[in-house]
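Chemist: Below, each chain spelled out in residue letters.
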Amino acid sequence: MSAFGHSHRLAAVTATGLVVLLAACGGGASTPGTAPTTGGAGTAAPVEITLWHGQVDVAQKTLDAMVADFNTSHPKIVVKTDSGGTTTDNMLEKVQAALAADAAPDISYLYGSQLAQLVATGKVADLTAEVKEPSWAWSDFWPAMQDGVVVDGKVRGIPSAIGDFAVIYNKSLLAAKGIAEPTSDWTWSDFRAVALKATDKAAGTFGTGFPVDGSEDTAVRFLYKLWQGGGDLLNADNTSATFNTPAGVTALETYRAMAVDDRSMYLDAQNAGKIEQLFNAGKIAFFVTGPWELETVTAAKIDYGTQVLPGTNGDHTTTAGTDSWVVYDHGPARKAAAATFLKWLTQPAQDARWALATGSLPLRSTTVSDPGFASFYTTYPGNDLFVKNLANAKRAKPRTTALPEVFTAVGKAVSAVLLGHGDAKAALDGAAQQANAALAGQ
Amino acid sequence: MPSPRGSRGQLRGGLRRRRRRETLEAWAFVSPAAIVVAALSLVPFAWAFVLSLRKQAFSGPSTFVGTRNYERLLTSDPAFRTAVSNTLRYTLAYVPATLFLGLVIALLLNQKVRFVGVYRTLIFVPFVASSAVTALMFGIVFDSSFGIVNAALGVVGIGPEGFFDDPDQALWALVIASLWGNVGFNVVLYLAAIQDVPLELREAASIDGANVWNTFRHVVVPQLGPVTTFLTLYQTLNALQLFDLVYAQTRGGPLDATTTVVYYVYQQAFRYFHAGYGSAAAWLLSLVILAIGVLEALLYRRRGLAGGVA
Numbered sequence: 001m002s003a004f005g006h007s008h009r010l011a012a013v014t015a016t017g018l019v020v021l022l023a024a025c026g027g028g029a030s031t032p033g034t035a036p037t038t039g040g041a042g043t044a045a046p047v048e049i050t051l052w053h054g055q056v057d058v059a060q061k062t063l064d065a066m067v068a069d070f071n072t073s074h075p076k077i078v079v080k081t082d083s084g085g086t087t088t089d090n091m092l093e094k095v096q097a098a099l100a101a102d103a104a105p106d107i108s109y110l111y112g113s114q115l116a117q118l119v120a121t122g123k124v125a126d127l128t129a130e131v132k133e134p135s136w137a138w139s140d141f142w143p144a145m146q147d148g149v150v151v152d153g154k155v156r157g158i159p160s161a162i163g164d165f166a167v168i169y170n171k172s173l174l175a176a177k178g179i180a181e182p183t184s185d186w187t188w189s190d191f192r193a194v195a196l197k198a199t200d201k202a203a204g205t206f207g208t209g210f211p212v213d214g215s216e217d218t219a220v221r222f223l224y225k226l227w228q229g230g231g232d233l234l235n236a237d238n239t240s241a242t243f244n245t246p247a248g249v250t251a252l253e254t255y256r257a258m259a260v261d262d263r264s265m266y267l268d269a270q271n272a273g274k275i276e277q278l279f280n281a282g283k284i285a286f287f288v289t290g291p292w293e294l295e296t297v298t299a300a301k302i303d304y305g306t307q308v309l310p311g312t313n314g315d316h317t318t319t320a321g322t323d324s325w326v327v328y329d330h331g332p333a334r335k336a337a338a339a340t341f342l343k344w345l346t347q348p349a350q351d352a353r354w355a356l357a358t359g360s361l362p363l364r365s366t367t368v369s370d371p372g373f374a375s376f377y378t379t380y381p382g383n384d385l386f387v388k389n390l391a392n393a394k395r396a397k398p399r400t401t402a403l404p405e406v407f408t409a410v411g412k413a414v415s416a417v418l419l420g421h422g423d424a425k426a427a428l429d430g431a432a433q434q435a436n437a438a439l440a441g442q
Numbered sequence: 443m444p445s446p447r448g449s450r451g452q453l454r455g456g457l458r459r460r461r462r463r464e465t466l467e468a469w470a471f472v473s474p475a476a477i478v479v480a481a482l483s484l485v486p487f488a489w490a491f492v493l494s495l496r497k498q499a500f501s502g503p504s505t506f507v508g509t510r511n512y513e514r515l516l517t518s519d520p521a522f523r524t525a526v527s528n529t530l531r532y533t534l535a536y537v538p539a540t541l542f543l544g545l546v547i548a549l550l551l552n553q554k555v556r557f558v559g560v561y562r563t564l565i566f567v568p569f570v571a572s573s574a575v576t577a578l579m580f581g582i583v584f585d586s587s588f589g590i591v592n593a594a595l596g597v598v599g600i601g602p603e604g605f606f607d608d609p610d611q612a613l614w615a616l617v618i619a620s621l622w623g624n625v626g627f628n629v630v631l632y633l634a635a636i637q638d639v640p641l642e643l644r645e646a647a648s649i650d651g652a653n654v655w656n657t658f659r660h661v662v663v664p665q666l667g668p669v670t671t672f673l674t675l676y677q678t679l680n681a682l683q684l685f686d687l688v689y690a691q692t693r694g695g696p697l698d699a700t701t702t703v704v705y706y707v708y709q710q711a712f713r714y715f716h717a718g719y720g721s722a723a724a725w726l727l728s729l730v731i732l733a734i735g736v737l738e739a740l741l742y743r744r745r746g747l748a749g750g751v752a
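Residue numbers (my numbering), protein chains in the order written: chain G, 1 to 442; chain L, 443 to 752.
Hints should not be assumed to be uniformly reliable.
Claimed, not checked - Taking lysine-lysine pairs in the BS3-like style, the calculated list, with each CA pair at most 30 angstroms apart, reads:
(1) K123/G - K497/L
(2) K554/L - K154/G
(3) K394/G - K123/G
(4) K301/G - K61/G
Stated by the list, open to error - Facing chain L, a subset of chain G residues (Cβ under 8 angstroms, in silico):
(5) V67
(6) E93
(7) Q96
(8) L99
(9) G122
(10) V212
(11) D213
(12) Q270
(13) K412
(14) G422
(15) A426
Said to hold, decoys possible - Simulated restraints, written as ranges between beta carbons of each label pair:
(16) D69/G - V575/L: 24 to 34 angstroms
(17) V56/G - V575/L: 20 to 30 angstroms
(18) I477/L - G122/G: 28 to 38 angstroms
What the hints contain is simulated information worked out from the structure, not anything from laboratory work. All C-beta atoms in this analysis are idealised placements derived from N, C-alpha and C, irrespective of residue type, glycine included.
Please work from the sequences and hints to get the whole structure.
Modeler: The structure is reproduced here in structure tokens:
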């Protein structure tokens, strides 16, 4: 009997314990967690660095093969790969714990919106000087990624992945309803009209879907509309919220009209893939998503088309998720080795190889013309629009430690309004207040 | 010549020495477990208090803020207030329901019916299943668009309901999922307690002319007092610490409708990396739980049942 009780009672204590275990390790003596460094250039022993990639399956195999090639062609550096004991989803927590225990790797994978939080630990290497070298060809990376890795004016990561939002639509569903397919110059009123026409309550068909779990997923769909209207989430120095301006209200009002007045939006409160499932079952006419969804849509044998986001006055700006490789400072020799490896890894030849093996979008605009990239579009059909659309990913999300809280505040406000609770202006004002409190670092 | 006093003194000294050796031996046996317990629960518990007085992430800069984290939690954090309110409403709905259902099902399973062993096992199975399984299953059953419950309600002309998608229903849907997962435990305890009621008492009651209801009300129920006390406190503690089902089912949504205190702590600590602030919230909850634990101990002592049932 007590055995049953024991595990249950420990739940809260465990939560407390975890907080503590991670924090308790902080600020200890400095002992490098991985291999010893060499005395610098010119010594015989190669510099050994560790990479935590968090990748699985094909991506993991491809990366391991590429690293093996690098180690062969660069005898002075040995890169050792390790998943980091986690996937990319939990890499931030894992790295935080490793940093606290002084057991951090030299390089780890990281989601873009988490970069600022990691930089705040003070243990992320500054690569600003390195990437200025012409051999990096830094300006070849898509603009959203060049900005996305900069925190407080310093380059804190090297682009590792990008995914942009565009529209995937069901061709046969639109045809059956006599609706014209969206064109590259379509507007938000077209977006609303198509959704309304495609909605058929009796048949259980919705025009489109919107995740309303109040997460970053909710917030970014508000963000590109806000950007198109000339607004932004935060002011230039990330000290106060600016999304409750008329641009923000207009953006949210467009969605509210679709969700509440038209009822043409399927609202997914749990954001557990229901919108994708409904689309793949032919119950949703179109939805905004990234290239990662193409595989399941193809597998579901949906006759689909792709299109850029609707525009505001011809501006089709989209948001893109940008991930990066982050380097942890273990002295100049290992930092230089890490930079050398990452420069090699992101060159067009390697970038193309990675894209072709994993279906990831190219990191650099120059990769698109690399001979190794030629068969990408036939191997991964549907991706051409998403690659072309990267030119619309002009802006990066703000880099601030409070970003998760800002996204939560915005996500909840948007969700509440779409679920019919409250009006756009008041909801955004409330969210701005919460965001400002988080930014002030209370 | 040694005086009697002296010899008594020597005897006492020898006893003391032997007792000291026994104490040492006892500690030698106990210490491995004691050290593990101290390292994994007492030290973190104390350290969490230290953390709760600071503003800090897991690594990086940190500052001492005194009781400011606690003040903010108690006076100016609407999200925490929502979490407390959700936790209390959940507890107030879940605990009475789990006791009532547990007793009713135990009474039903105490009848002489065929295959009763099978039914008793089936009732207990959900308790053994993990919360993730419970969450997955109720996600399917309560699906607002394609779930079997909405389909059934549709037949009788009700709904469709939102369940986990509706901020006004999500918490109650969670209570139902929890009940399904945990009521088996209460059933087993009540069943054992009912079967412990001496047959002579029941016989005496029926000889005195008591009908089935009166026997139950005046003979069986008073005998169930201790187990009811235990289950009330045990399930209250469980309810106050609800996390796994929330994490697996709703992630605190929609619109914070199912954010419990422990989920809030998780969010603060592991989503926003406010380790100090999260620790303060965890400590407030711990104090409440500690108070209930003390109450539990007092109740048992009054009944002379310390450690009896638990």
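Chemist: For a quick check of understanding: which of the numbered hints are violated here, in increasing order?
Modeler: Violated hints: 2, 5, 14, 15, 16; rest satisfied.
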